[in-house]
Amino acid sequence: MLKVEELVVAYGGIEALKGISLEVPAGKIITLIGANGAGKSTLLRTIIGLVKPKSGRITYNDKDLTGLNSQKIVTTGITLVPEGRRVFSNLTVWENLKIGAYMRKDEAEIAKDVAWIYSMFPRLEERSWQLAGTLSGGEQQMLAVGRALMSRPRLIMMDEPSLGLAPLVIKDIFRIIQEINAKGMTILLIEQNANMALKIADWAYVLETGRITLEGTGSDLLANPEVRDAYLGKKKS
Amino acid sequence: MEFFEAFVNMSGGSFAQHMVNGISLGSLYAMIAIGYTMVYGILLMINFAHGDIVMMACYFTFFGISVFHIPWYLTFILVIITTALLGVVIERAAYRPLRDAPKNSVLISAIGASFLLENLANYLFSGRPLRFPNIEVLSQNLSLGSVQIQAISLFIPVVTIVCLMILLHIVNNTKIGMSMRAVSKDYEIARVMGINIDNVISITFAIGSALAAIGAIMWGIRYPGITPMLGVMPGLKCFIAAVIGGVGNIKGAVLGGFILGLGEIIIVAFFPQLSGYRDAFAFIVLIVILFYKPTGLLGEKTTEKV
Numbered sequence: 000m001l002k003v004e005e006l007v008v009a010y011g012g013i014e015a016l017k018g019i020s021l022e023v024p025a026g027k028i029i030t031l032i033g034a035n036g037a038g039k040s041t042l043l044r045t046i047i048g049l050v051k052p053k054s055g056r057i058t059y060n061d062k063d064l065t066g067l068n069s070q071k072i073v074t075t076g077i078t079l080v081p082e083g084r085r086v087f088s089n090l091t092v093w094e095n096l097k098i099g100a101y102m103r104k105d106e107a108e109i110a111k112d113v114a115w116i117y118s119m120f121p122r123l124e125e126r127s128w129q130l131a132g133t134l135s136g137g138e139q140q141m142l143a144v145g146r147a148l149m150s151r152p153r154l155i156m157m158d159e160p161s162l163g164l165a166p167l168v169i170k171d172i173f174r175i176i177q178e179i180n181a182k183g184m185t186i187l188l189i190e191q192n193a194n195m196a197l198k199i200a201d202w203a204y205v206l207e208t209g210r211i212t213l214e215g216t217g218s219d220l221l222a223n224p225e226v227r228d229a230y231l232g233k234k235k236s
Numbered sequence: 000m001e002f003f004e005a006f007v008n009m010s011g012g013s014f015a016q017h018m019v020n021g022i023s024l025g026s027l028y029a030m031i032a033i034g035y036t037m038v039y040g041i042l043l044m045i046n047f048a049h050g051d052i053v054m055m056a057c058y059f060t061f062f063g064i065s066v067f068h069i070p071w072y073l074t075f076i077l078v079i080i081t082t083a084l085l086g087v088v089i090e091r092a093a094y095r096p097l098r099d100a101p102k103n104s105v106l107i108s109a110i111g112a113s114f115l116l117e118n119l120a121n122y123l124f125s126g127r128p129l130r131f132p133n134i135e136v137l138s139q140n141l142s143l144g145s146v147q148i149q150a151i152s153l154f155i156p157v158v159t160i161v162c163l164m165i166l167l168h169i170v171n172n173t174k175i176g177m178s179m180r181a182v183s184k185d186y187e188i189a190r191v192m193g194i195n196i197d198n199v200i201s202i203t204f205a206i207g208s209a210l211a212a213i214g215a216i217m218w219g220i221r222y223p224g225i226t227p228m229l230g231v232m233p234g235l236k237c238f239i240a241a242v243i244g245g246v247g248n249i250k251g252a253v254l255g256g257f258i259l260g261l262g263e264i265i266i267v268a269f270f271p272q273l274s275g276y277r278d279a280f281a282f283i284v285l286i287v288i289l290f291y292k293p294t295g296l297l298g299e300k301t302t303e304k305v
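If you read the protein sequences in the order shown, they are chains A and B.
Using numbering that gives the first Met the number 0, the final residue of the first sequence is 236, and nothing's skipped along the way.
Using numbering that gives the first Met the number 0, the final residue of the second sequence is 305, and nothing's skipped along the way.
If you're looking for bench data, these hints aren't it; they were derived computationally from the structure.
Just so you know, even glycine gets a beta-carbon here, dropped at the ideal spot from N, CA and C.
Keep in mind that the hints are not guaranteed to be accurate.
[To be verified] Pair ranges (Cβ atoms, derived):
id : chain 1 : residue 1 : chain 2 : residue 2 : range
1  : A       : Ser127    : B       : Glu187    : 23 to 33 Å
2  : A       : Tyr10     : B       : Ser65     : 31 to 41 Å
3  : A       : Ser54     : B       : Ile107    : 28 to 38 Å
4  : A       : Ser54     : B       : Phe114    : 39 to 49 Å
[As the list claims (entries may be wrong)] Straight line, CA to CA, 20 Å or less: simulated PhoX-like cross-link-like pairs of lysine-lysine:
id : chain 1 : residue 1 : chain 2 : residue 2
5  : A       : Lys97     : B       : Lys102
6  : A       : Lys111    : B       : Lys174
7  : A       : Lys104    : A       : Lys71
8  : A       : Lys170    : A       : Lys198
9  : A       : Lys27     : A       : Lys17
10 : A       : Lys2      : A       : Lys51
11 : A       : Lys62     : A       : Lys2
12 : B       : Lys184    : A       : Lys104
13 : A       : Lys182    : A       : Lys198
14 : A       : Lys27     : A       : Lys2
15 : A       : Lys97     : B       : Lys184
16 : A       : Lys53     : A       : Lys2
Extracted from the complex, chain B is given alone in its bound form:
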């Protein structure tokens, strides 16, 4: 009953601190997981390059602030825009030519795009870790009573909620959102309605990558070492988050992100001797959920009609 011992010995203050940390990590995962789920919803493929888009966004931020000395808020905006463009370019170059090809070809192309980005980063920026720029306002510690919290930990959930609300508004209440949902359901008939599905797919990649950029910035502030392989682990975990929430479902991705984020922090906080297994936690959750609910927590059962 170590859990309870740890729990009892823990002061209310540090419990709150862990919760804030967990929520903040969960929000971060959610931001990146949304990109996976949106692309899957429309193209029925896993964009393996998504984690590497996160990595590129970290490098973009480094260059913006540490090399070109652009003010951090301007850098953030530029990074979001360039990362969105990068996502669109990857789709154009690696996925669009394979639109009518079997799904496996697209998947392999996605893995190729992922390797290309990783090795490109290795070649351009070298494998030596760079330090993510320190942004005083966001990385400072705030004390709330006995609780010490990094400003970013409070900032991340707020940004995530705002982004999620904007995203859900776009998807549910705008014409472009309506066409995205239509394309995800039946792209042949969407074409017959006069929808340019290539544009819709580009916009989906732009939105997913922009959210990944925001996630990347928050990731960099929390974990400041930037390497070409940085995107692999968050990419994998956020993919898992999307799957356990029900891939294709935006709210599911957010839910999955929170489950993983909170779960990881709880393991580290309450079972310190298990903290070496924190990465394994995601996979265990994945296996358990797939076993009991293969479509994910919020996923719908799809019956394929012929």
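If we strip away everything but chain A, and leave its shape as in the complex, we get:
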């Protein structure tokens, strides 16, 4: 579905991504784990067109996305749940959902999707007319996910959805990710919470300072001593 080949991204003279190749097959959950500064967010920002790559190719269902602007890229059915949630705090919850469907014209279907998201996140419905800035972190994360779903994407990229949330809320978020995936949406998940992310992943990549150093199924990586040592906080046994 999504294919990244030899992607190099540089900020000024510094290369944040030094030739990354990965593949996201349709219907799967793919995770990318790595430490701070490994280039995880840069990868997602490049795929969605917020950052222009220096070289390499990004293709989506055989369509070349490299160097296109975000507005074109999102029309192909890719969306991003950004790091730090970044809901529009000056818009109401309902408006945030509506703006997720900005490119759609089918008002009746949009209303149905809002209802669907409210059924998935009842807390959001209760707060429909509140400004998004007044929500708690967990609620904002749910709103960010809901907003992304409103574009009826086929590929959802999530940038650290568990960041700064309470363990119970994190559990909820991961359950929802699996639910969304079960509905047929493909997921590219970036996480520092490697343990949870690897558990739900069909395939996972480890990113270290701009390079992919390891890949395998989620359970393989969970069992991998190097990964356990570096990302799961467990001693090699």
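Model the placement of chain B on the given structure of chain A, informed by the hints.
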């Protein structure tokens, strides 16, 4: 206690007259201040050319009525449209190419656009003051009891309220208004939502400049001398109005406009010996407000998160 003496000696009629004047000047400032605040809300830059857009709109009105003899109401519509276009063109030419440049570059470009307009006007229309066309219906005096009021003084607040209501409706209840608010908050994520932020910015400039055109027409009727530097003082004052109200906040701009307008008229009316300082009043208010509430009266505290 000169204030009270002046106050006591003043008949109810002339007090009402001053109030009407103050409200009308305040409305005028508000119309122009909205343009500053909207552009700041979206681009986080001060559009220094905004005052000169007011000036150009005055010249457009002059040419429409006095040179081409188009009926005044048609001229007004044409002026509003051409001024909106001028705003959009300035944004395209001077600000859009610098979208990813540091904020200072855009600011300097705005000053450049301002100088360009002033000198262009000087070159095209000469520096000699032209007389803003006299529109009988609007400049006639109406007597309400003992109060003598120019029709325009009643007309300005009404137009301002109508424009403000339309504007707030657009910003709060329409899809384009929603995208404007979204772009002003986070334009990267707005892009990811599929919003064409260049279009949203163009529309913002068009609306701000159209309001400036309405302000300019009202300004011209009150103060009929048109010169290439005409936009400087109202531009500066309306910028101050936007800042004291809380830059980025439309209602704040209106509030700021009224504070300055009423304040100025009160100074002139009650402290005639201070009337030479009426322009300084705006700056004093600005300093005081910035000192006690740096974000402006209705401005929100923004915490920058990294």
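Against the structure, the hints come out as follows:
Taken as a hint, the range 23 to 33 Å holds for the pair A/Ser127 and B/Glu187, whose Cβ atoms sit roughly 25 Å apart. Separation of A/Tyr10 from B/Ser65 is about 57 Å and departs from the stated range, judged on CB atoms against 31 to 41 Å. The hinted window of 28 to 38 Å between A/Ser54 and B/Ile107 holds, with their beta carbons roughly 34 Å apart. In this structure, A/Ser54 and B/Phe114 meet the distance hint of 39 to 49 Å, their C-beta atoms being roughly 42 Å apart.
A distance of roughly 31 Å separates the Cα atoms of A/Lys97 and B/Lys102; the hinted pair therefore is violated under the 20 Å criterion. Restraint check for A/Lys111 and B/Lys174: satisfied, since their Cα atoms lie roughly 18 Å apart, inside the 20 Å limit. Between A/Lys104 and A/Lys71, the direct Cα distance comes to roughly 17 Å. Compliance with the 20 Å bound is thereby established for this hinted pair. Annotation: proposed proximity of A/Lys170 to A/Lys198 holds, straight-line Cα distance about 12 Å (limit 20 Å).
In summary, the hint linking A/Lys27 to A/Lys17 is not supported, as the alpha carbons are separated by about 25 Å, beyond the 20 Å threshold. Among the hinted pairs, A/Lys2 with A/Lys51 is consistent with the structure: their alpha-carbon atoms are about 16 Å apart, no more than 20 Å. The hinted pair formed by A/Lys62 and A/Lys2 meets the criterion: a straight-line CA distance of about 10 Å does not exceed 20 Å. Only pairs whose Cα atoms come within 20 Å are accepted, and B/Lys184 paired with A/Lys104 is rejected, the gap being roughly 24 Å.
Taken as a hint, the A/Lys182 and A/Lys198 pair is honoured in the structure, with Cα atoms around 19 Å apart against an allowance of 20 Å. Among the hinted pairs, A/Lys27 with A/Lys2 is consistent with the structure: their alpha-carbon atoms are about 13 Å apart, no more than 20 Å. Our distance criterion of 20 Å between C-alpha atoms is met by A/Lys97 and B/Lys184, whose separation comes to about 16 Å. In summary, the hint linking A/Lys53 to A/Lys2 is supported, as the alpha carbons are separated by about 17 Å, within the 20 Å threshold.
In this structure, the hints that do not hold are numbers 2, 5, 9 and 12, in rising order.
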